[in-house]
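**Student:** With the hints as extra help, turn the sequences into a complete structure.
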Amino acid sequence: MSDVQLYLLEVDKHKAEASKIASQSASRLETKQLKLIDLVTSLEPYINNRDDASLRAKSVAYLAEVLSHIAHKVLSLQERRLLVDFILGRLEGDHEGLGASARALISLEALGNWDTDTAQKVMRTFIDYTSPLRQFKLQTERYAVAQLIDLLLAKYRTVIRQLHDDDHEFLPAFISYFEGEKDPRNLMIIFSMLQVPMAEWDVRAHAQDLFESVFNYFPITFKPPPDDPYGISAQDLKDRLRDCIAANSDFAPYAFPQLLDKLDSTSINTKRDVLQAIQECVVGYEVQTINLYSVTLWDALKFEILNVQEEDLAQEALRALSLIAAKFAQTSEGPLNAFLRPIIKECNEHLEDAPTKQSEAASRILHAISITAPIIADTVIQGAFPLLFKMYHGTESITKRRGLLEAANQVIGAYSKLDKVEFGMNVEALAAFSETAVAAMVRALVAAPKHEVSFRLSALTGLAQLISVQKALPSSQIELAVTTVTDIIIHEHIEGHGNIRPQAIKTLVDMAHAVPQVLQERAIPAFMVELPDVPDDLSRSEHVLEAFAQLATEKQLFHTTILRLKGKLEAARRQDAPATYQRSLLLALLYGFTFGEPIPARADCYRPYAIPLVDEFVRCHLARRDPAMCEIVGRICNSILRPQGVHFQSGVYHKDLSWMSQETATQTSVENLRSITPYLLFYYAALRVEVVEAEDIVALLQKTSAAALDAGVGTNGHGMTLRLLSLLVNKFVNPKTMQVTLEAAKLDVDALLTKDCSVNAIGVGCAIVKGLLLQGKSAALTTKYLQALLDQLTAGNREVAMRFTTLLAPDDVLTKENHCLISNLYKQKVFTQAVPFITNSVRNPDAQKKSNYLVALSGILRWLPYSIMEPSLPILLPPLLQTLDLDTSADQEVKASGLTIFESMLMHDPSVVAEHTASLVTRLLNCTTAEAGNHANVRAKALQCLALIPRQLKREAVVPYRRQVVKRLLACLDDAKRIVRAEAVKCRTAWLALDEGTDDAD
Amino acid sequence: MEADKDNANPTILNPSDLPSRRRSAPTAKRVGIFEALAPANISPADPLAPPVASDSTLSDDEREEIDEQEVYDLISTISDPEHPLSLGSLGVVTLDDIAIIPPASPRSRISSVRVLITPTTSACSLTTVIGLGVKVRLLNALPPRFRVDVRIKEGTSRTADEVNKQLGDKERVAAAMENRSLVNVVNNMLATCA
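Top line first, the protein sequences correspond to chains L and G. First residue of the first sequence? That's 1 in the UniProt record's numbering, and the numbers climb one at a time after it. First residue of the second sequence? That's 1 in the UniProt record's numbering, and the numbers climb one at a time after it.
It cannot be assumed that every hint is accurate.
[What the hints assert, rightly or not] Which chain G residues face chain L? A few, computed with CB under 7 angstroms, are given here:
| # | residue |
| --- | --- |
| 1 | Asn14 |
| 2 | Ser16 |
| 3 | Ile33 |
| 4 | Leu37 |
| 5 | Pro143 |
| 6 | Arg147 |
Since the hints were derived computationally from the structure, they do not count as laboratory data. From a predicted model like this one, the values you see are computed outputs, not experimental measurements. Ideal Cβ positions, reconstructed from N, Cα and C, are used throughout, including at glycine.
**Tutor:** Written out as structure tokens, the structure reads:
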């Protein structure tokens, strides 16, 4: 049997087998076992079979498949040309196998480029003999043809274009060829190929037909079927269609009227598509064309902004306006002015009755067009500001003035943004109004009643924006603005409504960036006057200090600010100012170092700032040492020292070693160590591991643990000592010698707990385990120690249980920034070891022991990310429900954290909660009553959880509780605390909403 | 295009001019920017440390009475049925027009809340619906010891008497809330209440 016979036998049943046969034919052609002429002859009886159309189609498919497998240079030019002629010749009389013919031609083209004649002939044959394409029902057939024509347009541009140039009947035939295509896959190709004639050919005579052929598809409403294997989205089609619409200026007379007509559609999606298409057209069409339609477009687009229907539509419309403006800004003034004139006129009209919805929209419009180019901003200012300020001065109404000022700010804001991108912008137009504007704004700040908050805030914004435009203001105006704002910060002390200090401070910091020199000369001295060495009115000075410290965040003022603060602190210290004032000054310095200084420059600050502070506050006599101050000094040192390299740190450390080892030596008192611990904590946190000597650490560990074991529970600074222990263990003890080192420092947790199971010992044990856990290196040792702690739960008292929360509590000292070792899995580790142990033991019938386990469990769970708990929820749920039953006042914390977990559960896994609905609802309701001793935050949290139930669980599961819940919540509406009442209202609304859609009157 | 609205271009108040709790209760403790830098009272390592005096709003010893501001907060976030704006920012409800009247005699527990509504135009046809929304919100959100009295501010609406009669009549309010389409409008208005 010949190959074609075999192929025809297989093709319907085994596609793959058929394909193999075709590929074998191809390789036999290559090896010359088969001659092309024989192959074609063998097709003869089938390809010309009069009676069986499908047989004809299949035999063409065979030919196409053979050609697709054939390698280069197997067929001669002559042979290829013959084949092309053969295929085209067939098509003229017989449409069967259209897709296969197209595929065969694509394969042939891939084997060697076509000459002009061939390319043109292929195109003509398809257009002349197979039009319209929609007569072919199979998408795959049409798809192959579309691909072929796309190929011709892409590779033979001039040749195909020649067809159009020579024959003006060609384009109409070409356009109508694809008419009626509906398949998205084919449309993607057709839209893309149509862009070639649209963009490159002279289509003026047929512009309308060409335009309509694509616009018929607008707006695209295609919804891809679920699991669409082709992955074509509506957005893909919209994008290509939009490119077509915007491809040629000649489309404008048809595009704009039809688009604007569709803008009146009631469908938001259609309007969105229209607005985006208009934007694309504005970008794509020529300036002269846009000029013809600019005013028409404005008249239509403005409605979307003035009567906002959907915010995103308004934004699209604004964008379209900006694009039009930008288009004109690049070229001549005439069209630009013709476009801007009606806009400014209409905006002015709307501003007349400011502040309304439409005056607000008008200022948005002015902003959107101003921001496109300096020349437009100038025109807007010249067109709008004279009238705006005339109205401003012509009214006494502060509300109106506020509305006008807001509009002015929009335009000035555009200038300010332009100024940052347009280097050396000419700001004359703005400068002409600067005096009027500054005067109005300063007057608003100084003279307006203080309760007119929005008015004064607008004035602040305006001043900051004006100053940020370089050269817009003369220096006298800048000084006036800076002084006015500084005065507000220093002298206004309004509590509650009318307090604009926070915004004023922010404005001043913004100004600092633009005009640091003026602040140096005007603002900083003014602040210093208000900061006495020894304050009479402490709270007032602290207010000023807070504002002043924020100036340090501006790079150019950083050094001046901290230098002044340091000087002030020295003076205050000398004159024995109150400790709280000294503390505030220290905090101000810390603020400066934390937010102000770029890291590389910090090294220079260590000697002049950190060392004197340490000498003054830390290395002083015990009686003069205040742990709170030590902590802040420690934090300042930490922020300067932490980013420095080993070399720098090493120098610092070796200098400090001698006095520090004295302070921490064994003969000095525990008191002494405890007072200096806050400093040590942050100092050691800053150091890199390789800087520190191992022996020093062992000594320090011994001393610190002694202090921790000795201290009474809850004494001041006990927490700091424990944190230092965790830090030292985590950072400086080598994991390889961990056990040896801990034993040497008498800190082996096992030994510690067998000797003494006091609360202090447990505290030290937890601190050690915490250091180890975070380090994540000594797994066996950590497991052993953690188990030792867990064993204490059975024997111990409540305080032991409460300690467990420290294991996972976050600590801002134990971080990677502080060069600590932080394992990613430490939370997971605690969860997998401790939680099963506790959930098993919690079934203990002894009430006291049971509550201990619950307390420990919640102490651990409250710090765990929800994702870790998620797989174990069914096991955790029963004990968590029991934590809600705990009722001593000491358990409020436990309850609150339990409620937080229920909140997450209801949000993420309502199905887990569903089977416990009854017990959960009852318990939550019990948590909402103040009589049961529940704290306000517990009551509020319980109400939040309760509110989630009707939203997250199935309606039928919840409805039975509705009556009971709604009734019990009435009492919560009268709760003593406002936040609880607010939650009660939300919760009750959620439950009342259950009624909707049903007719049962409840 | 939106000419069917009774008032297509209403005046809007700036959010920073609306009354709020933060403004009217200046006694609330201000948290300084420095406090966050060195949290003095939090020591994560020592849960047994003496408890720190917690935020005043959470300590249970004193009762915060329901006041005008609280009523304002309940109703100012209701949306206007014609604009996507809140009744507060349109000035339909204002703090000054809310009054809480304590029980008439020491033996009575019943207080009243009186809310006066100012329609955006005197011919606003949706005044009744707005009044109904406010009334429903307060009936659901206030404890039962409050009597809720919602009326139109004198001289602001041509239909004030008619509307007041409707809003004051328990039966008619209940009947209105049986009307499916009216319930939907009211629910949409209340959907923005946080």
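**Student:** Hint by hint, say whether it matches the structure.
**Tutor:** Cross-check of the supplied hints:
no.	hint	in the structure
1	Asn14	4 angstroms, holds
2	Ser16	5 angstroms, holds
3	Ile33	6 angstroms, holds
4	Leu37	5 angstroms, holds
5	Pro143	4 angstroms, holds
6	Arg147	14 angstroms, violated
In this structure, only the earlier hint numbered 6 is contradicted, and the remaining ones agree with it.
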